[in-house]
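Engineer: Could you slot chain C onto chain F? The hints should help.
Below, each chain spelled out in residue letters.
2 protein chains.
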Amino acid sequence: MQETRLDTARIRAARRVINPVFLDTPLYRCEALEPDLGCAVSIKLETANPVRSFKARGTELVTSLLADEGSRAAVCASAGNLGQALAWSARGRGLDVTVVASRHATAAELDRIRALGARLELVDGDHELARERAAAIALQDGIRLVEDSLDIETCEGAATIGLELAQARSSFDAVLIALGGGALATGVGHVMKALAPGVEVICVQPVGAPAMTRSWRQGRVVTTEFTDTIADGVAGRRPIPAVLDDLLLVADDAVLVREASIVAGMRLLLDRAGLVVEPSAALGIAALLEDRDRFAGRHVVTIVCGSNVDKEAYRRWVGH
Amino acid sequence: MQETRLDTARIRAARRVINPVFLDTPLYRCEALEPDLGCAVSIKLETANPVRSFKARGTELVTSLLADEGSRAAVCASAGNLGQALAWSARGRGLDVTVVASRHATAAELDRIRALGARLELVDGDHELARERAAAIALQDGIRLVEDSLDIETCEGAATIGLELAQARSSFDAVLIALGGGALATGVGHVMKALAPGVEVICVQPVGAPAMTRSWRQGRVVTTEFTDTIADGVAGRRPIPAVLDDLLLVADDAVLVREASIVAGMRLLLDRAGLVVEPSAALGIAALLEDRDRFAGRHVVTIVCGSNVDKEAYRRWVGH
Chain F
1 MQETRLDTAR IRAARRVINP VFLDTPLYRC EALEPDLGCA VSIKLETANP VRSFKARGTE
61 LVTSLLADEG SRAAVCASAG NLGQALAWSA RGRGLDVTVV ASRHATAAEL DRIRALGARL
121 ELVDGDHELA RERAAAIALQ DGIRLVEDSL DIETCEGAAT IGLELAQARS SFDAVLIALG
181 GGALATGVGH VMKALAPGVE VICVQPVGAP AMTRSWRQGR VVTTEFTDTI ADGVAGRRPI
241 PAVLDDLLLV ADDAVLVREA SIVAGMRLLL DRAGLVVEPS AALGIAALLE DRDRFAGRHV
301 VTIVCGSNVD KEAYRRWVGH
Chain C
1 MQETRLDTAR IRAARRVINP VFLDTPLYRC EALEPDLGCA VSIKLETANP VRSFKARGTE
61 LVTSLLADEG SRAAVCASAG NLGQALAWSA RGRGLDVTVV ASRHATAAEL DRIRALGARL
121 ELVDGDHELA RERAAAIALQ DGIRLVEDSL DIETCEGAAT IGLELAQARS SFDAVLIALG
181 GGALATGVGH VMKALAPGVE VICVQPVGAP AMTRSWRQGR VVTTEFTDTI ADGVAGRRPI
241 PAVLDDLLLV ADDAVLVREA SIVAGMRLLL DRAGLVVEPS AALGIAALLE DRDRFAGRHV
301 VTIVCGSNVD KEAYRRWVGH
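Heads up: the sequence lines are chains F and C, in that order. Just so you know, the first sequence maps onto residues 1 to 320 in full-length UniProt numbering. Just so you know, the second sequence maps onto residues 1 to 320 in full-length UniProt numbering.
With the rest of the complex left out, here is chain F (with noise of 0.2 Å):
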């Protein structure tokens, strides 16, 4: 296989270094959900920490790194959760963090970035707007720009995920995996290729944010003109090179799914699952939902990759 950007040796040591708070989160069968998906379920759970979500994987690495050489501020643009995860791995080692969202961005996540002492500046605008204002404030201020899944360090965090699925009791016929920028999807997807070769590795992006998709499909990197999806945390719409060329060797397939599938997915993991999930967090079980003839009879894993969500919109999403 060529190589991604990305090294197991390293994976492997990236655990040594993230708290392990954050490491070897809930894995397990989820038989309730099976009857509605027609499969073997299994949730590999990354809400049960004190971000919310797995990016704390990939912050714990950069901010370290960041310590190690004496740095002292990073900066990062964040639709939220690598925003509350860089200001909660920075307050640990005494640096000074930017994040940079959009207005839009839901407002408990912006108070909890808030709370963890970072510095909230928003923009009019979407998440690849705050993306260059990130890079601005980061050459202006001589300082770290953190770019998630550019950053190996993104990258490379995520991929331990991979390294518990490869590890489980259980084996699985599939992985799927929520894909925005691609960090979570060419992280856990190298392990899997790496380690678990037979588990086919799927992503799953909203119809509503198909860049990254359409660039896999396309083997070459394909913009949109804008984003429409309830997904906020996979909402990208300029797909960064070095990272389609990663994903372009480690992913089975990548699908797109409807927004109607994500919010049934929301609902499914609630009701049958007891649990909360932010719109992300659901495109497994929505793609499960959208093609049960594919899955029929299979053993499939879903990464839930965080539960931060505004409250109000995900009563009026789920219907409670």
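It is possible that some hints are incorrect.
Since the list gives no way to pick one copy over another, a pair counts as held whenever it fits inside one copy or between any two copies.
[Stated by the list, open to error] Here are the computed lysine to aspartate or glutamate pairs in the EDC-like style, where the Cα-Cα straight-line distance is at most 20 Å:
id: 1; residue 1: K193; residue 2: E164
id: 2; residue 1: K311; residue 2: E31
id: 3; residue 1: K311; residue 2: D271
id: 4; residue 1: K311; residue 2: E34
id: 5; residue 1: K311; residue 2: D36
id: 6; residue 1: K193; residue 2: D245
id: 7; residue 1: K193; residue 2: D252
id: 8; residue 1: K193; residue 2: D173
id: 9; residue 1: K311; residue 2: D111
id: 10; residue 1: K193; residue 2: D7
id: 11; residue 1: K311; residue 2: E259
Just so you know, these hints were derived from the structure itself, not from any lab.
Structural biologist: Below, chain C without anything else, positioned relative to chain F:
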């Protein structure tokens, strides 16, 4: 210290018998809860597993011993969680299980018990009547009666939570434990007294189901005529003398909380922590809400012991 029925070495050994999917559950600081509670709060989360409660730690031990002895069947009374856990553990070991439950138990739980292959018998009455009926079946069929809290395996299984708390990197000032029959409280309490004696062991029960708390306060078994609480998992009326004796040795306090506080606790866990919990699992948060002065500035850990909840009732309670 006078000795409880529990044995710390046996509890350590239990970790080798219990399926790892139930062990080493998430333990994390939840700062988003803290502005409402006025103290540092960590959560020990026992819901992210195949049966959505801590009870399988005990039923794994019981069924393992039964299988070793060549037994073929067992019966228990349950408000839902024990039955589901016993059915799960028994299925994997080829044991037949009968669960006796009240007709008023949560429908989704009864469905799960059936789906796991257990025989379900419903009684027109409360948990004490179910206990009597389960005992009659055991006698008639000559099979093992699994008695929650009386059977040492149910206490020592629950006690493995205590090992995980005692070995945590954080140290706690107090642990808040839901009090029903007493397996969880005596189990965790025993380990705390043995391995982390500086941690205050505080049991929490609904004011509408106060039998064990009153018994603890008076130092002798006190029964009640009825119970009136939404926390069906802890709604016993007749404390077991041997369990009370253990509780008297390990609990530093037992407090009663109002129904409104339980509901407020469930709502806080949902809104601030993204956790769906059953009423029993919110007892610790309810105790914090009712006595902020007592806990101000301290670091408490509360065991979120289950998430098996009727979805319609849950919506009514939390107002979603």
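Engineer: State for each hint whether it applies.
Structural biologist: So, going through the hints one by one against the coordinates:
| no. | hint | in the structure |
| --- | --- | --- |
| 1 | K193 <-> E164 | within (14 Å within a copy, 34 Å between copies) |
| 2 | K311 <-> E31 | between (27 Å within a copy, 17 Å between copies) |
| 3 | K311 <-> D271 | both (16 Å within a copy, 7 Å between copies) |
| 4 | K311 <-> E34 | between (27 Å within a copy, 18 Å between copies) |
| 5 | K311 <-> D36 | between (25 Å within a copy, 17 Å between copies) |
| 6 | K193 <-> D245 | within (15 Å within a copy, 56 Å between copies) |
| 7 | K193 <-> D252 | within (10 Å within a copy, 53 Å between copies) |
| 8 | K193 <-> D173 | within (13 Å within a copy, 45 Å between copies) |
| 9 | K311 <-> D111 | within (13 Å within a copy, 29 Å between copies) |
| 10 | K193 <-> D7 | within (12 Å within a copy, 46 Å between copies) |
| 11 | K311 <-> E259 | within (18 Å within a copy, 23 Å between copies) |
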